[in-house]
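Participant: So you can see what is in the structure, the chains are spelled out below.
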Amino acid sequence: RKEVEQDPGPFNVPEGATVAFNCTYSNSASQSFFWYRQDCRKEPKLLMSVYSSGNEDGRFTAQLNRASQYISLLIRDSKLSDSATYLCVVRNTGGFKTIFGAGTRLFVKA
Amino acid sequence: EPEVTQTPSHQVTQMGQEVILRCVPISNHLYFYWYRQILGQKVEFLVSFYNNEISEKSEIFDDQFSVERPDGSNFTLKIRSTKLEDSAMYFCASRAGTGGAEQYFGPGTRLTVT
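These protein sequence lines map, in sequence, to chains A and B.
Mapping the first sequence onto the working numbering, position 88 (from 1) lands on 88, and the numbers just tick up by one.
Mapping the second sequence onto the working numbering, position 39 (from 1) lands on 39, and the numbers just tick up by one.
If you are wondering where the hints come from, they were derived from the structure by calculation, not from laboratory data.
It should be emphasised that the depicted structure is a prediction, and the values quoted were computed from it without experimental measurement.
Some hints here could point you the wrong way.
To be verified - Okay, derived cross-link-like pairs now, DSS-like style, lysine-lysine, Cα gap no bigger than 25 Å in a straight line:
1) A:Lys-109 with A:Lys-79
2) B:Lys-42 with A:Lys-42
3) B:Lys-42 with B:Lys-57
4) B:Lys-83 with A:Lys-42
5) B:Lys-78 with A:Lys-97
6) A:Lys-42 with B:Lys-78
7) A:Lys-42 with B:Lys-57
8) A:Lys-97 with B:Lys-57
9) A:Lys-42 with A:Lys-109
Assemble the whole structure, with the sequences as input and the hints as a guide.
Facilitator: As structure tokens, this is what we get:
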């Protein structure tokens, strides 16, 4: 089983749509969880951290289920500028090794 | 806003040559990382560095790789004898503290080995 698995995508959605991405991780001792976005040939940029209680940042909502080892990201009212690859990121206990999922590609169309 | 910087942006080298990739992390950060991303593939963890020593490394980070923080500001990745398969984008990242603190990435160095 891969350490971090994501929906393969791509997701093609119209502007204004709501889209959800899922991610599972295999190491139950994982400590910290993040969503990053990556534009083509650019560095990953932090979208949001993910907390056990769930958290929201504008149009973005992240959820964590430690029992199921599952992380999700919900994007509401999609914009053209949301088109990117979304990376699920898990950091292990100790805070050093960081594992990236392969990413889910999102295309938002006018 | 403080940012991580990397030089050069693109490095072309011949197989067997040594390369040094340079990074300047955000100034008050304590944890430093190198990642690589082969074109079309996922971001892969190489090594983390804390308190002037390697804290963790992946299977990729073999004896051909080394890291150094020579002067308190730069953080370097050296590949002693490059192989074709080392061609990738190399990202440096840093973070401030423990727990859930996020990592900030530099813009990357594209390494092409010919």
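Participant: For every hint, state whether the structure bears it out.
Facilitator: Verification of the supplied hints:
1. Among the hinted pairs, Lys-109 of chain A with Lys-79 of chain A is consistent with the structure: their alpha-carbon atoms are about 8 Å apart, no more than 25 Å.
2. Taking the CA atoms of Lys-42 of chain B and Lys-42 of chain A, the gap is near 13 Å; set against the 25 Å cutoff, the hint holds.
3. Distance check on the hinted pair: Lys-42 of chain B and Lys-57 of chain B sit about 17 Å apart at the alpha-carbon level, within 25 Å; holds.
4. For the proposed pair Lys-83 of chain B and Lys-42 of chain A, the alpha carbon gap of about 23 Å is at most 25 Å, so the pair holds.
5. Our distance criterion of 25 Å between C-alpha atoms is met by Lys-78 of chain B and Lys-97 of chain A, whose separation comes to about 19 Å.
6. This hinted pair checks out: Lys-42 of chain A and Lys-78 of chain B have alpha carbons roughly 22 Å apart, not beyond 25 Å.
7. A threshold of 25 Å between alpha carbons decides the hint, and for Lys-42 of chain A with Lys-57 of chain B the separation of about 23 Å falls inside it, so the pair holds.
8. A distance of roughly 7 Å separates the Cα atoms of Lys-97 of chain A and Lys-57 of chain B; the hinted pair therefore holds under the 25 Å criterion.
9. A distance of roughly 21 Å separates the Cα atoms of Lys-42 of chain A and Lys-109 of chain A; the hinted pair therefore holds under the 25 Å criterion.
The structure fails none of the hints (numbered hints given earlier).
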